[in-house]
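Visitor: Residue numbers (the numbering used here), protein chains in the order written: chain L, -17 to 252; chain C, 18 to 406.
Hints may be right or wrong, so weigh each one.
[To be verified] With a cut-off of at most 30 angstroms between alpha-carbon atoms, the simulated DSBU-like pairs for lysine-lysine come out as follows: (1) C:K194 to C:K250; (2) L:K142 to C:K152; (3) L:K142 to C:K102; (4) L:K64 to C:K73; (5) C:K102 to L:K64; (6) C:K201 to C:K177; (7) C:K286 to C:K194; (8) C:K175 to C:K20; (9) C:K48 to C:K337; (10) C:K351 to C:K337; (11) C:K355 to C:K365; (12) L:K142 to C:K73; (13) C:K93 to L:K142.
[What the hints assert, rightly or not] DEER-style ranges, computed between Cβ atoms: (14) L:I233 to C:H135: 39 to 49 angstroms; (15) L:M78 to C:N34: 51 to 61 angstroms; (16) L:R68 to C:K102: 50 to 60 angstroms; (17) C:S57 to L:L73: 36 to 46 angstroms; (18) L:G213 to C:K102: 58 to 68 angstroms; (19) C:T156 to L:T96: 52 to 62 angstroms; (20) C:N198 to L:M78: 50 to 60 angstroms; (21) L:N240 to C:K102: 28 to 38 angstroms; (22) C:T156 to L:L73: 27 to 37 angstroms; (23) C:D82 to L:L76: 46 to 56 angstroms; (24) C:K102 to L:M90: 47 to 57 angstroms; (25) L:R61 to C:H135: 34 to 44 angstroms; (26) L:I231 to C:T107: 31 to 41 angstroms; (27) C:D82 to L:N157: 57 to 67 angstroms.
It is worth saying that the hints were derived from the structure and are not from the lab. Yeah, the Cβ is synthetic: ideal placement off N, Cα and C, and Gly gets one too.
What follows is the residue order along each chain.
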Amino acid sequence: MKPKYFSIPYIVWMGIFVVAPIFFVVVYAFTTADGYPTLQNFAAMSRFTPVFIRSFLLAFISTVICILIGYPVAYILSREGKRVQRLMIMLIVLPMWMNFLLRTYAWMSILENTGLLNRFLAFLGLPALNIINTPTAVVIGMVYNFLPFMILPVYSVIVKIDRSLFEAAQDLGANNFSVFRKVVFPMSLPGVLSGIMMVFVPAVSTFVITQLLGGGMVMMLGDLIEMQFLGTAYNPQLGSAIALVMMFIVIVFMYFVNRFGQSDEKAVGA
Amino acid sequence: MAKELIRLTDCRMAFDNEVVLNNINLYINDKEFLTLLGPSGCGKTTMLRIIGGFLKPVSGDVFFDGVRINDVPPHKRAVNTIFQKYALFTHLNVFDNIAFGLRLQRNNGNKLDKFEIHNRVMEMLEVVSLKGFEKRDVTLLSGGQQQRVAIARALVNKPKVLLLDEPLGALDMRLRKDMQNELKSIQQATGITFIYVTHDQEEALAMSDTVVVMEGGVIQQIGTPEDIYNEPKNAFVADFIGESNIVDGIMHSDGVVEIFGRKFKCLDKGFDPMEPVDVVIRPEDVDIVPPKSGKLKGTVTGITFRGVLYDIIVDFHGFKWLIQTTDLCPVGTKIGIKIDPDGIHIMKKGAFSGMYGDYSSYSAEYDEISDAEHEQDQEDEEENEFVSS
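Model the full assembly from the supplied sequences, consistent with the hints where possible.
Guide: Below you can see the structure in the form of structure tokens.
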């Protein structure tokens, strides 16, 4: 058997499970319920503009928070000894082995008005916080769930940077801060980019977190699309159109993030 | 007298209780080309890293220009390093790699002028013959070119001392020779002190003003290349620098030594009468003569063509010598030898006596030597190795 035949199963797989669904989404988006071609589905979407804005805004905020928390964690981790690194990676990955719903329910009971957090605040004599059913709760849930997907790619890029480069930078007159600014950070950008990709994309289309922690008050694109397919508002054509537009915006966004990352990488030090 | 620039006093270094440097005392003069020479694990790179500031000695002091610098971090030392694997910044192009140090420099708190940086980098590109390469991606350069970038990146900062950690180890033979000449001429032109680490004795002899031979974390000998070659202090140095036949001898009196029951004239003096000694005879110092007129008679047991000369192995009374000659002496030939007095070098018996200088297992020994030269490639290929019996 020639090596190129090995790829056939994958091509078939991709065809059935990737290309075909996208094809159907596109077809649905441009047809009416009766199967006639139309642009009506896109025209009907304008009333959901606030949902689009909210989704991208919350996903953006979550991604930024994930970078702010995840990057230092990844950096500090990479400088620890081998054993500490292995243990910490275990601890970071461990929650992912638990069911996603369970984890989110746990946050519900923490953030509830009579939940753990408010009981703790009351114990300290502080006023209670109303977090549950607000965008804040949704962001907390997303950051918690997606943080490992920021830490791991950044960490795996930083640990692979040759230590002798840090020494070379020091040798050329760089103090610790300069070593970070001129060597570690620019060289870790590819990790940050894939982290953004892995956090932002699922964050935009998230839906269970919004229902559990947002209490249906914080509707995002994922909920909207779900409603069109499974909910009371049954309208798969509209759902497909929304999904398509969301995909388009995400692709454009990622394109610019990548462009920015590449040009930044080259420009550092200039 | 030359001005002293760096001094190490009683330096001792250990990792996890394993001593890697012991009792190191060394001074290095301004504008000197000094080589730390020794086999892998002898402590030469550790010493370089102590001077560079990447390691602190467990005890002992490091002085730079008379100031103790034990606690000065690398970025504040007037020293630049060329690392073994170059350590170029792969996210930067050639120009930005070379400009890295200049952009960090502060003159009374002010950054260097952009034009000055540009001019100095361009100047340096010319020195290392990489004009026109400034926009290139360093990962796309050949080994030799990357090496030049590493040299330029260090030299552009005009350091007082340049530390070179086996900088030519990854280059092929031809390129190595060219770079040796280039480095030497750069050193002479700039007047920068070079501290050069290598395990290649030929390289050390060809380039250095001073050679420091190390083994087991201890300095074995310090001297000019000629001193080290002609007057090795012990069997280790004699064996490590070039090829040596090292045989037991007895010093009868000043200028007379007995080897294999025959008396030879030599130039060495100052030994006790009848003192047992190590006698070093370089393979090229042995003259082959007809058996009748030779002082010693032996039988050729092996021959290897080396280009300019033949390496022949000659059996004298069961002890095998390496002799280099331009004459063809087939295996089995009986030959006689003569040695001029200045071809014989007498050493006191010491810790290394009897460990080196016997060519009885000649082929194995040569394997070891070539292993050392290709150490880096070797690591991956170790499993492919086999020994034919």
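Visitor: So, for every hint listed, does it hold in this structure?
Guide: Now the hints, each set against the structure:
At most 30 angstroms may separate the alpha-carbon atoms for a hinted pair to count; K194 (chain C) and K250 (chain C) meet this at roughly 28 angstroms. Distance check on the hinted pair: K142 (chain L) and K152 (chain C) sit about 25 angstroms apart at the alpha-carbon level, within 30 angstroms; holds. With a CA separation close to 15 angstroms, the supplied pair K142 (chain L) and K102 (chain C) stays within the 30 angstroms bound. Our distance criterion of 30 angstroms between C-alpha atoms is met by K64 (chain L) and K73 (chain C), whose separation comes to about 23 angstroms.
Restraint check for K102 (chain C) and K64 (chain L): satisfied, since their Cα atoms lie roughly 23 angstroms apart, inside the 30 angstroms limit. Among the hinted pairs, K201 (chain C) with K177 (chain C) is consistent with the structure: their alpha-carbon atoms are about 16 angstroms apart, no more than 30 angstroms. Using a Cα cut-off of 30 angstroms, the hinted pair K286 (chain C) and K194 (chain C) is violated, with the two alpha carbons roughly 38 angstroms apart. Of the supplied pair hints, the one linking K175 (chain C) and K20 (chain C) holds, its CA atoms being roughly 18 angstroms apart against a limit of 30 angstroms.
Restraint check for K48 (chain C) and K337 (chain C): not satisfied, since their Cα atoms lie roughly 43 angstroms apart, outside the 30 angstroms limit. As the CA atoms of K351 (chain C) and K337 (chain C) are separated by approximately 14 angstroms, the hinted pair is consistent with the 30 angstroms bound. As the CA atoms of K355 (chain C) and K365 (chain C) are separated by approximately 23 angstroms, the hinted pair is consistent with the 30 angstroms bound. A hinted pair counts as satisfied when its Cα atoms are at most 30 angstroms apart, and K142 (chain L) with K73 (chain C) qualifies at roughly 26 angstroms.
A distance of roughly 27 angstroms separates the Cα atoms of K93 (chain C) and K142 (chain L); the hinted pair therefore holds under the 30 angstroms criterion. Remark: the range hint 39 to 49 angstroms for I233 (chain L) to H135 (chain C) is upheld by a beta-carbon distance near 40 angstroms. Judged by the Cβ atoms, the range 51 to 61 angstroms given for M78 (chain L) and N34 (chain C) is violated: they are separated by roughly 41 angstroms. The hinted range of 50 to 60 angstroms is not satisfied by R68 (chain L) and K102 (chain C), whose Cβ atoms lie roughly 26 angstroms apart.
As the Cβ distance of S57 (chain C) to L73 (chain L) is approximately 39 angstroms, the hint placing it in 36 to 46 angstroms holds. Separated by about 60 angstroms at the C-beta atoms, G213 (chain L) and K102 (chain C) satisfy the suggested range of 58 to 68 angstroms. Range check, T156 (chain C) to T96 (chain L): Cβ separation about 59 angstroms, and the 52 to 62 angstroms hint holds. Checked against the hint of 50 to 60 angstroms, the C-beta distance between N198 (chain C) and M78 (chain L) comes to roughly 59 angstroms, which is consistent with it.
The hint said 28 to 38 angstroms for the Cβ distance between N240 (chain L) and K102 (chain C), and at roughly 30 angstroms that hint holds. The hinted window of 27 to 37 angstroms between T156 (chain C) and L73 (chain L) holds, with their beta carbons roughly 35 angstroms apart. Distance hint check for D82 (chain C) and L76 (chain L): the Cβ-Cβ separation is about 55 angstroms, which falls inside the suggested range of 46 to 56 angstroms. Remark: the range hint 47 to 57 angstroms for K102 (chain C) to M90 (chain L) is upheld by a beta-carbon distance near 53 angstroms.
Roughly 35 angstroms separates the CB atoms of R61 (chain L) and H135 (chain C), a value that falls within the hinted 34 to 44 angstroms. I231 (chain L) and T107 (chain C) have their C-beta atoms about 33 angstroms apart, which keeps the hinted 31 to 41 angstroms range intact. Distance hint check: the CB atoms of D82 (chain C) and N157 (chain L) are about 22 angstroms apart, inconsistent with the given range 57 to 67 angstroms.
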